[in-house]
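There are 2 protein chains.
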Amino acid sequence: MNNHLDSLFNPENIAVVGASNNPLKAGYVIVQNLINIGYPKKIFPINIKEDHICGIKSYRSLYDIEDKVEMVVLIMPAGAIFDVMKDIENRMKSKNDIKVIVCASADFAETKTPEGIKRQNHLIEISKKYGIRIVGPNCIGVIDNVNRVDTTFVETLLPKESRGKKGGISFISQSGAVAASLLMSGASQPAPISFNKFVSIGNMADIDFIDLLKYFENDEDTKVIGLYLEGYSDGRRLINTIAEITVKKPVVVLKVGRSEKGASAASSHTGSLAGSDVVYDSAFKQYGVIRVDTLQELMDTMQAFDSLKLPDDGNVFVLSQAGGPGIYCTDAVSNQNNLEMPIIEDITKEKLKEIAPAMSSICKPEGYADITAAANVRHHVESLKVIINDSNVSSVLFITVVPTFLPQDKLAEKMIDLLENEGYRNKKSVFISIMSGNYVWECRKSIEEKGIYTFASPDQAVKALANMVRYSKYLKRIKGGSANE
Amino acid sequence: MNNHLDSLFNPENIAVVGASNNPLKAGYVIVQNLINIGYPKKIFPINIKEDHICGIKSYRSLYDIEDKVEMVVLIMPAGAIFDVMKDIENRMKSKNDIKVIVCASADFAETKTPEGIKRQNHLIEISKKYGIRIVGPNCIGVIDNVNRVDTTFVETLLPKESRGKKGGISFISQSGAVAASLLMSGASQPAPISFNKFVSIGNMADIDFIDLLKYFENDEDTKVIGLYLEGYSDGRRLINTIAEITVKKPVVVLKVGRSEKGASAASSHTGSLAGSDVVYDSAFKQYGVIRVDTLQELMDTMQAFDSLKLPDDGNVFVLSQAGGPGIYCTDAVSNQNNLEMPIIEDITKEKLKEIAPAMSSICKPEGYADITAAANVRHHVESLKVIINDSNVSSVLFITVVPTFLPQDKLAEKMIDLLENEGYRNKKSVFISIMSGNYVWECRKSIEEKGIYTFASPDQAVKALANMVRYSKYLKRIKGGSANE
Numbered sequence: 001m002n003n004h005l006d007s008l009f010n011p012e013n014i015a016v017v018g019a020s021n022n023p024l025k026a027g028y029v030i031v032q033n034l035i036n037i038g039y040p041k042k043i044f045p046i047n048i049k050e051d052h053i054c055g056i057k058s059y060r061s062l063y064d065i066e067d068k069v070e071m072v073v074l075i076m077p078a079g080a081i082f083d084v085m086k087d088i089e090n091r092m093k094s095k096n097d098i099k100v101i102v103c104a105s106a107d108f109a110e111t112k113t114p115e116g117i118k119r120q121n122h123l124i125e126i127s128k129k130y131g132i133r134i135v136g137p138n139c140i141g142v143i144d145n146v147n148r149v150d151t152t153f154v155e156t157l158l159p160k161e162s163r164g165k166k167g168g169i170s171f172i173s174q175s176g177a178v179a180a181s182l183l184m185s186g187a188s189q190p191a192p193i194s195f196n197k198f199v200s201i202g203n204m205a206d207i208d209f210i211d212l213l214k215y216f217e218n219d220e221d222t223k224v225i226g227l228y229l230e231g232y233s234d235g236r237r238l239i240n241t242i243a244e245i246t247v248k249k250p251v252v253v254l255k256v257g258r259s260e261k262g263a264s265a266a267s268s269h270t271g272s273l274a275g276s277d278v279v280y281d282s283a284f285k286q287y288g289v290i291r292v293d294t295l296q297e298l299m300d301t302m303q304a305f306d307s308l309k310l311p312d313d314g315n316v317f318v319l320s321q322a323g324g325p326g327i328y329c330t331d332a333v334s335n336q337n338n339l340e341m342p343i344i345e346d347i348t349k350e351k352l353k354e355i356a357p358a359m360s361s362i363c364k365p366e367g368y369a370d371i372t373a374a375a376n377v378r379h380h381v382e383s384l385k386v387i388i389n390d391s392n393v394s395s396v397l398f399i400t401v402v403p404t405f406l407p408q409d410k411l412a413e414k415m416i417d418l419l420e421n422e423g424y425r426n427k428k429s430v431f432i433s434i435m436s437g438n439y440v441w442e443c444r445k446s447i448e449e450k451g452i453y454t455f456a457s458p459d460q461a462v463k464a465l466a467n468m469v470r471y472s473k474y475l476k477r478i479k480g481g482s483a484n485e
Numbered sequence: 001m002n003n004h005l006d007s008l009f010n011p012e013n014i015a016v017v018g019a020s021n022n023p024l025k026a027g028y029v030i031v032q033n034l035i036n037i038g039y040p041k042k043i044f045p046i047n048i049k050e051d052h053i054c055g056i057k058s059y060r061s062l063y064d065i066e067d068k069v070e071m072v073v074l075i076m077p078a079g080a081i082f083d084v085m086k087d088i089e090n091r092m093k094s095k096n097d098i099k100v101i102v103c104a105s106a107d108f109a110e111t112k113t114p115e116g117i118k119r120q121n122h123l124i125e126i127s128k129k130y131g132i133r134i135v136g137p138n139c140i141g142v143i144d145n146v147n148r149v150d151t152t153f154v155e156t157l158l159p160k161e162s163r164g165k166k167g168g169i170s171f172i173s174q175s176g177a178v179a180a181s182l183l184m185s186g187a188s189q190p191a192p193i194s195f196n197k198f199v200s201i202g203n204m205a206d207i208d209f210i211d212l213l214k215y216f217e218n219d220e221d222t223k224v225i226g227l228y229l230e231g232y233s234d235g236r237r238l239i240n241t242i243a244e245i246t247v248k249k250p251v252v253v254l255k256v257g258r259s260e261k262g263a264s265a266a267s268s269h270t271g272s273l274a275g276s277d278v279v280y281d282s283a284f285k286q287y288g289v290i291r292v293d294t295l296q297e298l299m300d301t302m303q304a305f306d307s308l309k310l311p312d313d314g315n316v317f318v319l320s321q322a323g324g325p326g327i328y329c330t331d332a333v334s335n336q337n338n339l340e341m342p343i344i345e346d347i348t349k350e351k352l353k354e355i356a357p358a359m360s361s362i363c364k365p366e367g368y369a370d371i372t373a374a375a376n377v378r379h380h381v382e383s384l385k386v387i388i389n390d391s392n393v394s395s396v397l398f399i400t401v402v403p404t405f406l407p408q409d410k411l412a413e414k415m416i417d418l419l420e421n422e423g424y425r426n427k428k429s430v431f432i433s434i435m436s437g438n439y440v441w442e443c444r445k446s447i448e449e450k451g452i453y454t455f456a457s458p459d460q461a462v463k464a465l466a467n468m469v470r471y472s473k474y475l476k477r478i479k480g481g482s483a484n485e
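Residue numbers (the working numbering), protein chains in the order written: chain A, 1 to 485; chain B, 1 to 485.
Don't read these hints as lab results, they were simulated from the structure. Do not take every clue at face value.
For identical chains, the list gives no copy identity; a pair is met inside one copy or between any two copies.
[Unchecked claim] 25 Å max Cα-Cα, derived DMTMM-like pairs, lysine to aspartate or glutamate: (1) K476 with E12; (2) K49 with E70; (3) K214 with E354; (4) K129 with E448; (5) K25 with E413.
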């Protein structure tokens with residue numbers, strides 16, 4: 001069935017049923033997003049009244065399109081599904097070209113009404129008859145940044161130059177709103193996030209977690225898989241599928257319904273039984289699945305996996321230009337049971353003392369240096385360099401609170417020189433916190449545009465680091481054949 | 001001594017020793033910040049070479065200024081302290097006008113060198129002789145937004161229209177970098193934060209936590225006090241001072257040095273012994289001090305106290321326009337042991353069913369409603385209104401993930417109508433999460449400009465709410481004379 005998922009992420013032409021010229025309609029945003037991302041093949045808007053949608057020739061029905069159509073996006077009112085499926089049926093009889101439907105329309109089985117269920121059953125029945133796979137209904141759509149496909153109706157204000165960039169994160173969301181929220185917040189980072197593939201799966205009438213996970217497992221462009229999960233009918237199968245993947249690549253999960261109230265709300269929402277959270281939780285631990293608690297931790301952790309070297313172990317050095325934030329970070333490190341601030345080599349200590357400003361506090365405590373606000377760009381970068389070269393250090397938490405007299409553009413340039421051009425990012429993973437707010441935005445943006453993620457705050461960096469170390473230890477455990485984490 | 005602190009926050013004219021025309025120098029930023037905030041009295045830059053600094057007439061020495069000078073800001077190299085104190089001494093002998101020194105220069109006792117200690121001792125000795133109070137040395141300065149004083153050398157990119165706005169939060173930071181970071185991130189919010197008073201206390205050579213806390217205790221403009229704390233020589237006295245304040249107004253503390261490593265780093269940094277964190281922690285609990293874990297929680301909690309009604313108790317209703325984020329929020333609520341999602345009145349349930357879109361999920365589970373992505377502005381606002389009117393509800397977590405077809409400007413307008421114009425914000429506290437990123441920025445900004453804080457994410461809102469409920473319960477406990485929280 002993988003050829004159908006190929007069609008989902010790289011379709012030969014896309015028809016949009018319910019396309020609109022009204023900017024407040026989802027049917028407008030979908031066409032506009034396809035244009036904005038630079039979808040290189042043909043878009044066929046379907047609208048019973050208009051001749052053009054967003055400047056593109058529009059069609060009265062699917063049946064009128066002469067070219068091949070591999071993907072059909074549905075965003076018309078759900079009540080029209082019977083007519084639309086008739087068009088599809090007629091088209092399949094003659095052309096037999098449609099491989100996948102992305103049904104973004106809502107008001108199907110999720111309503112739990114007889115009408116909604118009937119509509120969904122009809123959608124499935126006709127699709128099955130002709131071997132068409134379905135995403136949705138009641139989803140916000142599908143994105144593939146490599147192939148420049150964006151069928152979502154989410155307006156993110158993503159800058160044009162960021163659209164269609166290739167990233168290593170592929171994401172599956174069981175909630176359209178969580179999906180939309182991640183796209184919007186991801187678009188608002190210093191360097192906007194480019195997902196590799198992004199799927200809002202809605203009601204999972206057909207294509208579901210398992211199909212997509214298996215596809216992402218073998219997708220070379222996917223470095224890390226993210227999931228937002230409410231519940232799945234066959235939890236055991238889901239876990240088994242994930243367990244096969246985590247041997248190869250990390251899977252980061254935000255699973256809700258931890259609490260009784262949350263599980264009850266999830267059951268009202270998704271309809272499917274959430275299943276015992278405790279069972280999921282212990283299975284996640286057993287199979288090296290990284291479970292996160294917040295949307296922020298989800299974003300940070302996925303991007304860390306995508307852009308930073310996996311640490312060998314939990315030996316992390318805290319290098320701070322600022323006392324307060326350094327101490328704050330040290331507390332956060334101590335709060336993670338898989339992180340350790342190591343004793344570095346004497347030679348490294350000596351070098352640090354030579355490099356850093358006179359009043360620096362070196363290795364008090366061990367594994368920590370405060371190079372003070374007197375640190376210039378060279379002090380920052382040279383200190384980082386000798387620490388990376390220390391054999392007792394596996395990763396570095398690097399913190400700076402940029403004062404007026406520290407030239408940010410130079411700092412970004414020299415950090416990029418060290419990490420990217422001299423290749424130090426391949427030696428150790430560096431978790432960079434450049435603080436704070438708009439004042440340091442351009443500095444962070446320059447670094448992030450080189451594919452090196454930066455964190456808004458040291459506590460966020462520590463959580464992402466601890467998650468990566470958790471995965472690193474899991475890999476060692478399964479490869480070493482040991483039963484203990 | 002309070003008259004000297006009045007001089008700190010509302011000085012009659014300010015001299016800046018070490019003022020500069022070089023934008024990369026702190027002595028430039030201080031003068032520029034005073035100009036930018038619109039300091040209404042006179043600024044006297046002191047520079048031995050220049051005739052004008054930032055367009056303002058400059059003086060060769062403090063002694064040359066004819067007008068009254070109540071505050072002197074020092075930002076020259078520390079080595080010049082002996083000459084500067086000679087000038088101050090001469091001035092005091094003839095004019096006797098200086099009340100307070102803000103010593104922003106570093107390289108004093110914090111260096112732990114004999115020279116640094118000598119410099120600090122000299123600064124203290126001469127100041128004491130003439131009854132001058134000192135903030136610092138080694139601090140980033142002082143802000144009073146009511147009186148339009150900003151002696152900091154932090155460039156925040158705060159928009160001009162936000163400077164000099166009056167807020168209710170007064171903050172004391174033992175770390176200049178944490179202070180700078182809070183100012184920078186606060187300036188980067190939808191509606192930039194305006195602190196009431198903001199003090200970076202540096203080495204605490206003279207004015208310290210106790211002085212400022214007592215001043216803020218009686219400052220009517222201060223609604224909530226925030227502290228960043230590393231350690232204090234007389235912890236018992238600090239706690240007793242805070243305990244007297246929390247009876248009247250909330251105190252929110254980010255105290256670092258929780259861990260052994262963190263405490264060791266704090267001791268290297270501040271010099272003072274941190275004291276046992278466990279002792280602080282239990283004293284905080286005993287006296288209703290709100291201890292937070294992260295910089296984000298600190299900002300959120302202070303702003304919630306400043307802008308939202310204190311909830312009567314932990315009965316919170318979760319009103320979400322989006323299933324996923326609603327469930328996510330419900331999990332976060334369940335994770336707080338002082339929050340409860342109440343059973344609302346039958347009449348409220350009926351009204352909600354009438355108001356909300358057909359497919360809404362009302363009170364499954366109790367205390368929760370998902371009004372779905374079909375909710376228009378009226379659905380949002382009317383639902384919120386009937387929930388606020390329910391007598392079993394003390395606060396509301398309000399979540400919306402704005403789709404393209406929901407007009408954000410209207411949503412902001414109607415939310416403001418309800419909460420501000422119709423006075424519903426005085427009935428119950430509403431914790432608003434409008435998601436996500438740049439796409440909803442203007443909507444959040446409109447609401448925040450009315451003094452109603454909005455949260456970037458529901459989990460952040462829940463933490464701030466739980467902290468407010470903690471304080472509310474403390475007030476009830478001490479006023480009711482009960483020994484149990």
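Going down the list of hints, with the structure as the test:
| no. | hint | result |
| --- | --- | --- |
| 1 | K476 with E12 | neither (42 Å within a copy, 67 Å between copies) |
| 2 | K49 with E70 | within (24 Å within a copy, 75 Å between copies) |
| 3 | K214 with E354 | neither (52 Å within a copy, 44 Å between copies) |
| 4 | K129 with E448 | neither (47 Å within a copy, 54 Å between copies) |
| 5 | K25 with E413 | between (43 Å within a copy, 21 Å between copies) |
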